[in-house]
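There are 2 protein chains.
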Amino acid sequence: MKQPITYELLHICKQTGARRGIIHTPHGDIDTPVFMPVGTQATVKSMTPEELKEEVEAKIILANTYHLYLRPGEKIIKEAGGLHKFMNWDRAILTDSGGFQVFSLGPLRKITEEGVEFKSHLDGSKHFLSPEKVMEIENDLGPDIMMAFDECVEYPSTYEYTKQSMERTTRWAKRCKEAHKRPEEQGLFGIVQGGMYKDLREQSAKDLVELDFPGYAVGGLSVGEPKELMCELLEFTTQFLPKDKPRYLMGVGTPDYLIEAAIRGIDMCDCVLPTRIARNGTAMTWNGKVVVRNAVYERDFTTLDAECDCYTCKNYTKAYIHHLIKTKEILGVRLLSIHNLRFLTKLMERVRIEIENDNLLNFRNEFYNKYGY
Amino acid sequence: MKQPITYELLHICKQTGARRGIIHTPHGDIDTPVFMPVGTQATVKSMTPEELKEEVEAKIILANTYHLYLRPGEKIIKEAGGLHKFMNWDRAILTDSGGFQVFSLGPLRKITEEGVEFKSHLDGSKHFLSPEKVMEIENDLGPDIMMAFDECVEYPSTYEYTKQSMERTTRWAKRCKEAHKRPEEQGLFGIVQGGMYKDLREQSAKDLVELDFPGYAVGGLSVGEPKELMCELLEFTTQFLPKDKPRYLMGVGTPDYLIEAAIRGIDMCDCVLPTRIARNGTAMTWNGKVVVRNAVYERDFTTLDAECDCYTCKNYTKAYIHHLIKTKEILGVRLLSIHNLRFLTKLMERVRIEIENDNLLNFRNEFYNKYGY
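Same order as they appear, the protein sequences are chains A and B. The first sequence begins at 0 in numbering that gives the first Met the number 0 and counts up one residue at a time. The second sequence begins at 0 in numbering that gives the first Met the number 0 and counts up one residue at a time.
Same shape as in the complex, but just chain A (with noise of 0.2 Å):
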């Protein structure tokens, strides 16, 4: 069978392991380690497809599975013709399986053996997800990547729990690639559970592999643990995946998790961090944080980052930004999330040179003194 989703390995960091390559997909070509921009519900937040493009230089973007079955509803897009078409972007897109979203939503929803039930939290109607109903909306929405229907518990939970709940993300991961209608058109990547304990990881690990995806997730993680335990968990989990397939941490985008991410030979992050913190006023910057909400800004004619080189520090000041921001101008929104998204791409640039030069780990530690870590 041709496979749709593939990866090249380039190269190993000789100082930390890290991974160069390439993933190749229907819709181009990634280079790796990679910041996927969010576009939940078929939109990142306040960009057009042009900007992610010539100004992020996005090659992959995400969206949301459970935003999009809520509204406008997976059959629309089918029939505009699939998610690339109806949202003008003819790059790369991995949708997520609204597994997360569904369980984010507590006391709303019910998990059984052959699914989930849960109210809407727009409008309290009962729906209900299943790996085959996932599939369905998946193979409809039509992205290269596709998540399979997993549960991801919360932190903390007890090691009881959580092995019920990953040997049955293990189930519904088989009945996914059964329910899966169109493996040459699109890759479905497995989803690694297990919570905080290692056996439980090395179990999911072992049960995904011999199920043989185009690649793996590692979820469950960054989900309000200590760094240092998400960087353990994340540097046992891997050893486990095939090296020739890619991998996928979910939910990571601070700067730091990035690069932790990438020493552990993570090929993929994602995060709605850069255009969530857009909206409150925030830049991250190569000297740290800029909260340029702040009123210390209102005469600062200066740009947010003198090493940038995007088109908000190339025409704005942070007095001006900070106005925007102020009187809750769009334009002040844009300009932030063009700048934090360019920023996470431009770091990944690096990370990549980095890799390829051996030098990564001295990379991180220069970093994170300049970047206040």
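Treat the hints loosely; a few may be bogus.
Which copy? The list can't say, so a pair holds if one copy fits it or any two copies do.
To be verified - With a straight-line cut-off of 30 Å between C-alpha atoms, the simulated DSS-like cross-links for lysine-lysine are: (1) K288 / K52; (2) K176 / K226; (3) K313 / K74; (4) K325 / K77; (5) K205 / K369; (6) K84 / K205; (7) K118 / K369; (8) K74 / K327; (9) K345 / K84; (10) K327 / K288; (11) K369 / K125; (12) K197 / K1; (13) K205 / K118.
Calculated from the structure, these hints are not laboratory results.
Place chain B on chain A using the hints.
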């Protein structure tokens, strides 16, 4: 004295008397009649300057003195090097005087011969604006065209009050002229008032023309009176204005009013309408209004306007824009703002051609049939 703002008359439409001309400003030439997008808080809502130039082809935009005086404060904009530099816009800018906003505050303001005391709509703090203070603010902001401080009376108002107010506005216009510190760089326009009373309009126009401003606005129209009355008063008023100076009808932005204004010899109009209705999910098109927020467009995979060549119409369907508006995504507002502003630019381009062809009346009738007026 060198005049920063001059008007060149190119042609008068034989069918209507409409004027085709050019306004020369320190920041470029403006083909007239022109529609000016409004950037109340030093940003045309949701748009970058590049989009205004490339997509909308705007040659001049407005900003609001009242809003900028309150936030960020005109001194900060002066320190930034003026409004053009602050907001990264190198074409022409016109600022209103804040009069309209202050008088709209109703019980929050008190008018005397000296000026107006008012409470900020933001925090209730007390402020005082006089003609001299407004000139100081507009000199600090540094637009190409600045408006004199006037009072715009409500509709309806008594003859007695309107007369008093109009005469005060004329006295204020004189004080503005005397207080204006940069007459070689910024053109100060007088504003004709006089409510719905022809003799007061005539007196106002004649008294202001006596003061010899480089341009004149007609204020206090389109404030709730019937369209026929607006047209009648406008036609009556413009006859008293000099032929060699630009004429600006304040606050008008519906397609039919723009055409009627041109027919009555108006060169410039402005309105928040195109960006405001964008935020409510409405598009102006060559076939009338399209309320794309309505459910009927959920599955409409055609573009907003088959006759439009804007970025939005080249790339997106009504179904996608509908989805973005329903989910309150910023991109939806952006796409509709681009389209609506472009539509008005193209409408005025067409109006200029029809003036040159002595055909504006025929065009108006065709347009009304098609647009549904």
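Structure-based check of each hint:
Proximity of K288 to K52 under the C-alpha cut-off of 30 Å is restricted to the intra-copy arrangement: shortest distance 24 Å within a copy versus 32 Å between copies. Proximity of K176 and K226 under a CA criterion of 30 Å is satisfied in neither setting, with 33 Å inside one chain copy and 65 Å between copies. When the C-alpha separation of K313 and K74 is checked against a cutoff of 30 Å, the pair qualifies only between copies, where the shortest distance is 24 Å, while the shortest distance within a copy is 42 Å. Taking the shortest alpha-carbon separations for K325 and K77, only the inter-copy value of 19 Å comes in at or below 30 Å, while the best intra-copy value is 40 Å.
In this assembly of identical chains, the alpha carbons of K205 and K369 never lie at most 30 Å apart, being 39 Å within a copy and 67 Å across copies at closest. In the homo-oligomer, the alpha carbons of K84 and K205 never lie at most 30 Å apart, since the shortest distance is 37 Å inside one protomer and 60 Å across protomers. Proximity of K118 and K369 under a CA criterion of 30 Å is satisfied in neither setting, with 46 Å inside one chain copy and 46 Å between copies. With identical chains, the CA atoms of K74 and K327 are at most 30 Å apart between copies only, with a shortest distance of 21 Å across copies and 35 Å within one.
For the identical chains of this complex, K345 and K84 are neighbours both inside a copy (28 Å) and across copies (28 Å), given an alpha-carbon limit of 30 Å. For the identical chains of this complex, K327 and K288 are neighbours both inside a copy (20 Å) and across copies (28 Å), given an alpha-carbon limit of 30 Å. Taking CA atoms no more than 30 Å apart as the test, K369 paired with K125 passes in neither setting, with 49 Å inside one copy and 45 Å between copies. In this assembly of identical chains, the alpha carbons of K197 and K1 never lie at most 30 Å apart, being 34 Å within a copy and 80 Å across copies at closest.
For a Cα distance limit of 30 Å, the shortest separation of K205 from K118 qualifies neither inside one copy, at 34 Å, nor across copies, at 69 Å.
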